[in-house]
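Those sequence lines, one after another, are chains A and B.
Using numbering that gives the first Met the number 0, you'd call the opening residue of the first sequence number 0 and step up by one each time.
Using numbering that gives the first Met the number 0, you'd call the opening residue of the second sequence number 0 and step up by one each time.
Keep in mind that the hints were calculated from the coordinates and are not lab data.
Remember, it's a predicted structure, so these values are computed and weren't measured experimentally.
Among the clues, some could well be false.
[What the hints assert, rightly or not] Covered, in the sense of this in silico footprint (three residues per stretch, anywhere, with C-beta under 8 Å from a C-beta of chain A), are these stretches of chain B: (1) 94-103; (2) 127-138; (3) 141-150; (4) 309-316.
Every residue, glycine too, gets a C-beta built ideally from N, C-alpha and C.
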Amino acid sequence: MSNPNYSKEKKVGEGTYAVVYLGKQLASGKSIAIKEIKTSEFKDGLDMSAIREVKYLQELDHPNVINMIDIFMAYDNLNLVLEFLPTDLEVVIKDQNVLFTPADIKAWMLMTLRGVYHVHRNFILHRDLKPNNLLISPDGIIKVADFGLARAVPGPREILTSNVVTRWYRAPELLFGAKHYTYAVDVWSIGVIFAELMLRIPYLPGQDDVNQMEVTFRALGTPTDKVWPEVSTFPGYNKLQIYPPPSRDELRKRFIAATENALTLMENMLMMNPHTRWTTAQCLECDYFRELPEPSNPADIKLSK
Amino acid sequence: MSAGFDMELILSRPYLTRKQITRAQRNTIPDLRVYTQKKLQVLKYLSDLCVYMLLPRRTLETTIYYYDRYHLFNVFETEMVYPLATACLLLSCKQTETIKKLNEICITSFRVRKVPNVTTEMVEALRKRTLQLELRILEACSFDYRINNFLHIDECIVKAGKKISCSKEVCYTAWLIAYDVLKTDIMLVIPQHSIAVAVLKVAEDLLKTNNTAWNQDIYAELSTDIKSVSEAYFEVVNFYINMFDSCELRRNFVAPPSGPAPEITLKSFIDLKQEAGPEHGLDEVSNEMVDRDRLLAVDMHSQTVRERRHVLSRSLVIEEQKSLH
Chain A
0 MSNPNYSKEK KVGEGTYAVV YLGKQLASGK SIAIKEIKTS EFKDGLDMSA IREVKYLQEL
60 DHPNVINMID IFMAYDNLNL VLEFLPTDLE VVIKDQNVLF TPADIKAWML MTLRGVYHVH
120 RNFILHRDLK PNNLLISPDG IIKVADFGLA RAVPGPREIL TSNVVTRWYR APELLFGAKH
180 YTYAVDVWSI GVIFAELMLR IPYLPGQDDV NQMEVTFRAL GTPTDKVWPE VSTFPGYNKL
240 QIYPPPSRDE LRKRFIAATE NALTLMENML MMNPHTRWTT AQCLECDYFR ELPEPSNPAD
300 IKLSK
Chain B
0 MSAGFDMELI LSRPYLTRKQ ITRAQRNTIP DLRVYTQKKL QVLKYLSDLC VYMLLPRRTL
60 ETTIYYYDRY HLFNVFETEM VYPLATACLL LSCKQTETIK KLNEICITSF RVRKVPNVTT
120 EMVEALRKRT LQLELRILEA CSFDYRINNF LHIDECIVKA GKKISCSKEV CYTAWLIAYD
180 VLKTDIMLVI PQHSIAVAVL KVAEDLLKTN NTAWNQDIYA ELSTDIKSVS EAYFEVVNFY
240 INMFDSCELR RNFVAPPSGP APEITLKSFI DLKQEAGPEH GLDEVSNEMV DRDRLLAVDM
300 HSQTVRERRH VLSRSLVIEE QKSLH
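For reference, chain A alone in the conformation it holds in the complex:
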């Protein structure tokens, strides 16, 4: 037994199931984040998001996935100790004072894909990838965070909810209400993030679930049975306006600074048919990461003016 190991210094945020504090590991003086789980406010007990977060972070250990250092009970409250990550990709994208280069985007994509690849090879679906959940460490490393919606890859007969992933980053199979889906939902989200990094504005900002389909298919084409067999059997498919997929030229005009290999990667991450969409392994092996410019050194990327 010894004295408490952590101090809570400043409240930095509050979500539905937790309050986040900035703190210190007293022995080392290292900055940490403490997520205090609200245990008494829910009619069904401990929130599922808190359970999922602990469950999957215990399984994962990777430089591009947030590290859960410790769990402790204090005064009957459950606290998760996480590594301190001062900013996230959403803040960076929105900050007009920050200028970033194609090499910086490549570095962020590489780190994100490595993190998500590790999540997938541990048979876990993240189901909430968005810039806000890609945290950045003081030395510029991207860390995949917020596993509150994550789940293990289901058995063949298990039915999943399609009400996952923040709307703008939601894959078409989820928009159609699929009850079975795969790692491909996460790859779609990374594809949308990639587009957002190149445009510096959200790529598919739907206003509601119906509008999200409209926005998605207008930008990337409405899927047909030819590219995605049996897509027309999803309920609600018949009401859709059919848009043609964008030509390479249209994509070039929209993403002016993107190289051909960058567009190929984006197109394959944003394939309508989840079966033909690239896996994280395919993404990591693509030519975009082999061509110049080389990805920036994360520590050299300036995130404030």
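Fit chain B to the given chain A structure using the hints.
Showing chain B alone in chain A's frame:
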């Protein structure tokens, strides 16, 4: 209160040896026979709840693990068993992604226990007690979610059975045995995949199929080892020898239509035990080590402990020790 007794650091140990379990239960279970009897009632209650709510075997299995684990560090009270079992089920539903509303669980709880004239106040009281217990159960497990996560006995029976080409009859018999396994506390000792291999072995031996050459290579292929499987094997065989009359296998066993169709009797298990030779299994720790083991004497309700930290890795404990010196 001493300032030095503010914080406790606990290294998660999801599996313990027999001696360690006996020592922990000495502090929490005054009469093991009463506990065992009540557990059978609890398993019946939970099984009914799971059937009623269409929950799979893995949810039931995880619930029983929580129930047994809770009683290693918390005193067994007969009047608390149903709220506790309900809380274990609630948590298990969350752990195995078979989520149910607590209110639904509580209402069904009264229904399966056939409690007459259930009022909303009674449901609310059960709901509150269940919620109070949820964190306590997690604490007894050191918030360690690595177990009961990807591995479950019934699923492993199918996977391992397929891998070693067991027949459908063997797998089905193993699946029946796996239900009886929940009446023991072997899940506190051995991981689920090793239990699955052990019950497959028992099923093969019972049906005399001689399909698998149970050697090191097979165990290695199934990611287990002979000691773990033997430990579970003898636990299962001993269970049937001691409690054959109340087992589910006897009631539900269907002899395979083809091949030798042995009848399963108490003698079948006595024969299995004889054929298996002297009991062997996991290495046991010494009495001195058990005496020195502070986890087994930890009081989860101690008021003098302000903060209780649970870690999964030994390296964190070593780091901590270094920082203290």
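So, going through the hints one by one against the coordinates:
1. Using a Cβ-Cβ cut-off of 8 Å, 6 residues of the region 94-103 of chain B lie near chain A, which meets the minimum of three, so the contact claim holds.
2. With 6 residues having a Cβ less than 8 Å from any Cβ of chain A, the region 127-138 of chain B passes the three-residue criterion, so the hint holds.
3. Coverage of a stretch by a chain is defined here by at least three residues with a beta carbon nearer than 8 Å to that chain's beta carbons; for the region 141-150 of chain B and chain A the count is 6, and the condition holds.
4. Judged by the Cβ-Cβ criterion of 8 Å, the region 309-316 of chain B is covered by chain A as claimed, because 4 of its residues qualify and three suffice.
The earlier numbered hints are all upheld by this structure, with none contradicted.
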